[in-house]
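Engineer: As given, the protein sequences belong to chains A and B, one line each in that order.
First residue of the first sequence? That's 1 in the numbering used here, and the numbers climb one at a time after it.
First residue of the second sequence? That's 113 in the numbering used here, and the numbers climb one at a time after it.
One should not assume that every hint holds.
Simulated crosslink set (BS3-like; lysine-lysine; CA at most 25 Å straight-line) [stated by the list, open to error]:
hint, chain 1, residue 1, chain 2, residue 2
1, A, K65, A, K96
2, A, K17, A, K69
3, B, K114, B, K179
4, B, K154, A, K71
5, A, K71, B, K179
6, B, K213, A, K96
7, B, K179, B, K168
8, B, K114, B, K182
9, B, K213, B, K154
10, A, K57, A, K18
11, B, K179, B, K213
12, B, K168, B, K182
13, A, K65, A, K17
14, A, K17, A, K57
15, A, K18, A, K65
16, A, K57, A, K96
17, B, K168, B, K213
18, A, K96, B, K168
19, A, K65, B, K179
20, B, K168, A, K57
21, A, K69, A, K96
22, B, K213, A, K57
23, A, K96, A, K71
24, B, K154, A, K65
25, A, K18, A, K71
26, A, K65, B, K168
27, A, K57, A, K71
28, B, K154, B, K182
29, A, K69, B, K179
30, B, K114, B, K213
Honestly, the hints are just simulated from the structure, not real lab data.
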Amino acid sequence: EAQVTQNPRYLITVTGKKLTVTCSQNMNHEYMSWYRQDPGLGLRQIYYSMNVEVTDKGDVPEGYKVSRKEKRNFPLILESPSPNQTSLYFCASSIKRTSEQFFGPGTRLTVL
Amino acid sequence: QKEVEQDPGPLSVPEGAIVSLNCTYSNSAFQYFMWYRQYSRKGPELLMYTYSSGNKEDGRFTAQVDKSSKYISLFIRDSQPSDSATYLCAMSDLYGGATNKLIFGTGTLLAVQP
Numbered sequence: 001e002a003q004v005t006q007n008p009r010y011l012i013t014v015t016g017k018k019l020t021v022t023c024s025q026n027m028n029h030e031y032m033s034w035y036r037q038d039p040g041l042g043l044r045q046i047y048y049s050m051n052v053e054v055t056d057k058g059d060v061p062e063g064y065k066v067s068r069k070e071k072r073n074f075p076l077i078l079e080s081p082s083p084n085q086t087s088l089y090f091c092a093s094s095i096k097r098t099s100e101q102f103f104g105p106g107t108r109l110t111v112l
Numbered sequence: 113q114k115e116v117e118q119d120p121g122p123l124s125v126p127e128g129a130i131v132s133l134n135c136t137y138s139n140s141a142f143q144y145f146m147w148y149r150q151y152s153r154k155g156p157e158l159l160m161y162t163y164s165s166g167n168k169e170d171g172r173f174t175a176q177v178d179k180s181s182k183y184i185s186l187f188i189r190d191s192q193p194s195d196s197a198t199y200l201c202a203m204s205d206l207y208g209g210a211t212n213k214l215i216f217g218t219g220t221l222l223a224v225q226p
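Can you build the whole structure from these sequences, using the hints too?
Structural biologist: Have a look at this one:
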């Protein structure tokens, strides 16, 4: 089944404790993005990647890092999480820039 | 002012009703317009996409774009309880532009009562 998977689905952590949210797609897509979804603000792009080893900032990149060492994986790294990063995170992928984006199931992160 | 404005609802309708969902936007460079459906605890899934102005129909769903008014709509005919979800409008200047980014509305929560 073609899909985007994210792990973990739920995470509660404390300020300053490094964490990684994994994202993997099995559709051989070139483009991958991370979004965060907050009430009243909608979905906002954090980072995107056009291919292996090619990443760039979206609208709200502060406090986040990403890497793209393999085509299928696009982890989101929070080196020192803070409470304002409490949010619902989605990974998305598409076969090329001008095609439908497929979203993962989301990761609900709470930073205490 | 946000680039995309969407009434958050909630919108509650009886089964079988016609539902109208709307978004307005301010960036005249937007050319691609999409509607995503998001069920609780799930990721958004694409329902409809249209390019520039005009209508597009797919089953019970019709998407309309009026670029002159910077206004897009999604109509759902014969609404079903399974249509209960949050509906997100999204748009871009070149189906994602250089960053593959979509600009989303905040979503409208729809509840279809049996």
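Engineer: Looking back at the hints listed earlier, which ones does the structure fail to meet?
Structural biologist: Hints 5, 19, 20, 26, 28, 29 are the ones this structure does not satisfy, whereas the remaining hints hold.
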